[in-house]
Amino acid sequence: SQTIHQWPATLVQPVGSPLSLECTVEGTSNPNLYWYRQAAGRGLQLLFYSVGIGQISSEVPQNLSASRPQDRQFILSSKKLLLSDSGFYLCAWSVAGVSTDTQYFGPGTRLTVL
Amino acid sequence: QKEVEQDPGPLSVPEGAIVSLNCTYSNSAFQYFMWYRQYSRKGPELLMYTYSSGNKEDGRFTAQVDKSSKYISLFIRDSQPSDSATYLCAMSAMDTGRRALTFGSGTRLQVQP
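So the sequence lines, in the order shown, correspond to chains D and E.
Letter 106 of the first sequence, counting from 1, is numbered 106 in the working numbering, and no numbers are missing.
Letter 11 of the second sequence, counting from 1, is numbered 11 in the working numbering, and no numbers are missing.
So that you can see chain D by itself, here it is in the shape it has in the complex:
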């Protein structure tokens, strides 16, 4: 069966510091991968998605970036965090080549920028 991991689970960072969040998927090959942010009491905002190694599409221009160095690894980064970057970051995967787009989520990383 497939599993998705995210770490760290929680993170408290000062404004202006760098960020690196990691997501890995097990039990599947060539998945579509996604990064979402969920602000308190709000829906999910798609940040990035990837259909393959090195292929990243950005949905929202901001100071975040994403990379996919390996097939089942997705990394969310920032060089300098802003207060507005605080939120719950979720990684998700879906089966490539299937149009249903059903996505499966990881446990999330709660980021607080002070």
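If you are wondering where the hints come from, they were derived from the structure by calculation, not from laboratory data.
Where a beta carbon is used, it is the ideal one built from N, C-alpha and C, also for glycine.
Heads up, a few of these hints could be off.
[To be verified] Straight-line alpha carbon distances no greater than 35 Å define the calculated DSBU-like cross-link-like pairs of lysine-lysine that follow:
#	chain 1	residue 1	chain 2	residue 2
1	D	Lys-80	E	Lys-42
2	E	Lys-42	E	Lys-67
3	E	Lys-2	D	Lys-80
4	D	Lys-79	E	Lys-67
[As the list claims (entries may be wrong)] Derived DEER-like restraints, expressed as beta-carbon distance ranges:
#	chain 1	residue 1	chain 2	residue 2	range
5	D	Glu-59	E	Lys-42	37 to 47 Å
6	E	Glu-45	D	Leu-82	27 to 37 Å
7	E	Lys-42	D	Leu-82	17 to 27 Å
8	E	Asn-55	D	Ser-20	22 to 32 Å
9	D	Val-15	E	Ser-69	40 to 50 Å
10	D	Ser-84	E	Ser-26	26 to 36 Å
11	E	Ser-69	D	Val-12	43 to 53 Å
12	E	Lys-67	D	Val-12	39 to 49 Å
13	D	Leu-83	E	Asn-22	29 to 39 Å
14	D	Leu-82	E	Arg-77	23 to 33 Å
Once you have looked at the hints, place chain E on chain D.
Just chain E now, with coordinates in the frame of chain D:
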């Protein structure tokens, strides 16, 4: 206007009640509809998936899609305190290209014992 509208709640019901959660949408291209359950401080968990119009039942849960009205529902029978969570609807069109879901903002449900 948001593409997907969902009443944020909170919706509070007694244990054993029938719960109705709803979403409306504006994009007539949506064909795939999903409901996710999210417990506090956890990632969303896929509950139900339906294609086009109609009903789908899974245990105490029934998902209903009315494409003519652009309206989807999730019914929970015999609700339990363990059903207390935020419920997110999500949908997609076959030809989105960017292979992403459009989510509602979620409805918070509280089932009182």
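Checked hints:
1. Lys-80/D / Lys-42/E: 26 Å, holds
2. Lys-42/E / Lys-67/E: Distance of about 31 Å is within 35 Å: holds.
3. Lys-2/E / Lys-80/D: 31 Å, holds
4. Lys-79/D / Lys-67/E: 44 Å, violated
5. Glu-59/D / Lys-42/E: 37 to 47 Å: For Glu-59/D and Lys-42/E the Cβ distance comes to about 23 Å; the hint is violated.
6. Glu-45/E / Leu-82/D: 27 to 37 Å: 30 Å, holds
7. Lys-42/E / Leu-82/D: 17 to 27 Å: The hinted range 17 to 27 Å holds for Lys-42/E and Leu-82/D, with Cβ atoms some 26 Å apart.
8. Asn-55/E / Ser-20/D: 22 to 32 Å: 45 Å, violated
9. Val-15/D / Ser-69/E: 40 to 50 Å: 46 Å, holds
10. Ser-84/D / Ser-26/E: 26 to 36 Å: At roughly 28 Å between Cβ atoms, Ser-26/E and Ser-84/D fall inside 26 to 36 Å, so the hint holds.
11. Ser-69/E / Val-12/D: 43 to 53 Å: 45 Å, holds
12. Lys-67/E / Val-12/D: 39 to 49 Å: Since Lys-67/E and Val-12/D have Cβ atoms about 45 Å apart, the given range 39 to 49 Å holds.
13. Leu-83/D / Asn-22/E: 29 to 39 Å: 34 Å, holds
14. Leu-82/D / Arg-77/E: 23 to 33 Å: 45 Å, violated
Hints 4, 5, 8 and 14 from the earlier list are contradicted by this structure; the remaining hints agree with it.
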